[in-house]
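Q: Sequence:
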Amino acid sequence: HPLSGLTTSSGTTAIFYSIINLASEGDNIVSASALYGGTFTMFNDILSKFGIEVRFIDAEDPSNFEKAMDDKTRAFFCETVSNPALEICDLDVISELAHKHGLPVIVDSTFSTPYLCRPFDHGCDIVVSSLTKWVGGHGACLGGVIVDKGGFNWGAGKHPIYDEPDNSYSGMRWGHDLPAELAPLSYILRARTVPLRNLGGCLSPDNSWMIIQGIETLSLRMERHCENSMKVAQHLKKHPDVAWVRYPGLPSDPQYEKAQKYLKGTGGPMVVFGIKSENAKEAGQKFIDSLGLFSHVANVGDARSLAIHPASTTHSQLSEEQLSKAGCPADMVRLSIGLETIEDILADLDSALESAVKN
Numbered sequence: 001h002p003l004s005g006l007t008t009s010s011g012t013t014a015i016f017y018s019i020i021n022l023a024s025e026g027d028n029i030v031s032a033s034a035l036y037g038g039t040f041t042m043f044n045d046i047l048s049k050f051g052i053e054v055r056f057i058d059a060e061d062p063s064n065f066e067k068a069m070d071d072k073t074r075a076f077f078c079e080t081v082s083n084p085a086l087e088i089c090d091l092d093v094i095s096e097l098a099h100k101h102g103l104p105v106i107v108d109s110t111f112s113t114p115y116l117c118r119p120f121d122h123g124c125d126i127v128v129s130s131l132t133k134w135v136g137g138h139g140a141c142l143g144g145v146i147v148d149k150g151g152f153n154w155g156a157g158k159h160p161i162y163d164e165p166d167n168s169y170s171g172m173r174w175g176h177d178l179p180a181e182l183a184p185l186s187y188i189l190r191a192r193t194v195p196l197r198n199l200g201g202c203l204s205p206d207n208s209w210m211i212i213q214g215i216e217t218l219s220l221r222m223e224r225h226c227e228n229s230m231k232v233a234q235h236l237k238k239h240p241d242v243a244w245v246r247y248p249g250l251p252s253d254p255q256y257e258k259a260q261k262y263l264k265g266t267g268g269p270m271v272v273f274g275i276k277s278e279n280a281k282e283a284g285q286k287f288i289d290s291l292g293l294f295s296h297v298a299n300v301g302d303a304r305s306l307a308i309h310p311a312s313t314t315h316s317q318l319s320e321e322q323l324s325k326a327g328c329p330a331d332m333v334r335l336s337i338g339l340e341t342i343e344d345i346l347a348d349l350d351s352a353l354e355s356a357v358k359n
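Position 49 of the sequence shown, counting from 1, maps to 49 under the working numbering, and the rest follow consecutively.
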C-alpha cells in the first residue's frame, strides 16, 4: 500500500515495534534462529520480560515454523539473508505456511535491500529494515523502517490486539472499526499511533535527509557491492590460508540456488570466512587488527569496506550453543565489501591474512 511505510529511529526500533504491534503478554512468535545478535538478544532476553515468548527454529527447514507454532502464535519472523550466517530464507514456502494458519510473516530485509529482494512478491506481509546500512549507504546516518503490505486480515480472530478495544485510542478495535478505505492499513496505523506515538522512536530530520540521499544511488551501489563481493569470495576460496568461505553467489555455496531466486542471481554484498589456524579465534582477531583499508566497525553496508570478528563483538553475548545455532562459529570473519577498487581490497586482505597466519 502506498501509505504503509513507517520510519523509525533505528532498525532495532522497527523490529521491536513490529512485534509489540501484534503480540502481547502470553503470546509468542516463531523465529528463525539465524539472526543478527542484537535481534536475538531482544527476542531471547528482552521480549520475554514483557511476557512475549520467541520460539527459535532452524529456518533451513521451513516446516519447523509450523511445528513450533500453537494457538498463541502471532507471527513468523526471519531475515531475508541472515546476519552473519548468510542463510537465505525460502520466503515463498514460509509465507505459504504462515497464511495457511492465518498468520503474517515479518521479514528483516536489511542484508538484501529492496534492490535485490522484494519480500512482498514472495508472500511476506511486513518488511522491517535498518536504513543505517546499505539504504543510507555511507555509515553516517541511523534509521529504520516498517512497511506493511496492506493486505492481511487483522480482524480474523488470530490477533486479540486487533479484536479488543484499545483504551489508549478511544476504544478503537483496530481490526474492525476502521472505515473500509483504511482497513488495509490497520497494522501500520496502529504502529504509528500506539508504539511510535507513545514510545517516541521516530526518525530525525537530519537522518531522514541523509537516507533520502542514499536511496537515490542504492541501485548503482548495490551492483558494485555485489560485483566486488563475488571477486573477494572467489579470491578467498583459492587462498591457501583460508579454511572455508561462505558466499551465496558461489555455485558451491549451499545457499546458491536460493540466491538465484531471491537475490537477483547475485550473492549479495557480504562475505564470511574462516582462517586456517590452530587457534582460529585468535587468528581472526589478529587478522582484523592487521587490516589497513578495511575499517573495524560493527556496521555493515558502508561505501567503505568493513570487517569484524562477530564471536568477540556483535555476537559476544551469545553462548557457544547460541553461536552455533546463529550460524556464527568462533573462527568466522565477516566482511562487508565496499566500493573501493577491487585490487586494493584484495591486497589488504592478503596482507592481513599473511600477518594473522604468521603470528
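It should be emphasised that the hints constitute simulated quantities derived from the structure, not laboratory data.
Incorrect hints may have been included.
As the list claims (entries may be wrong) - Ranges of calculated distance between the beta carbons of each label pair, as one might list FRET restraints:
| # | residue 1 | residue 2 | range |
| --- | --- | --- | --- |
| 1 | S63 | P160 | 42 to 50 Å |
| 2 | G171 | P251 | 52 to 60 Å |
| 3 | K49 | K358 | 55 to 63 Å |
| 4 | S170 | V93 | 14 to 22 Å |
| 5 | A156 | D121 | 56 to 64 Å |
| 6 | K237 | P2 | 40 to 48 Å |
| 7 | W209 | P2 | 44 to 52 Å |
| 8 | R192 | N153 | 36 to 44 Å |
| 9 | I46 | W209 | 25 to 33 Å |
| 10 | E223 | D121 | 16 to 24 Å |
| 11 | E278 | P205 | 34 to 42 Å |
| 12 | E278 | D71 | 28 to 36 Å |
| 13 | E321 | S170 | 45 to 53 Å |
| 14 | P2 | K358 | 37 to 45 Å |
The structure presented is a predicted model; accordingly, all values stated were derived computationally and were not measured.
Glycine included, C-beta positions come from ideal geometry on N, C-alpha and C.
Q: List, from low to high, the hint numbers that the structure doesn't satisfy.
A: Numbers 1, 3, 4, 5, 7, 8, 11, 12, 14 - these are the hints that the structure violates, sorted from lowest upward.
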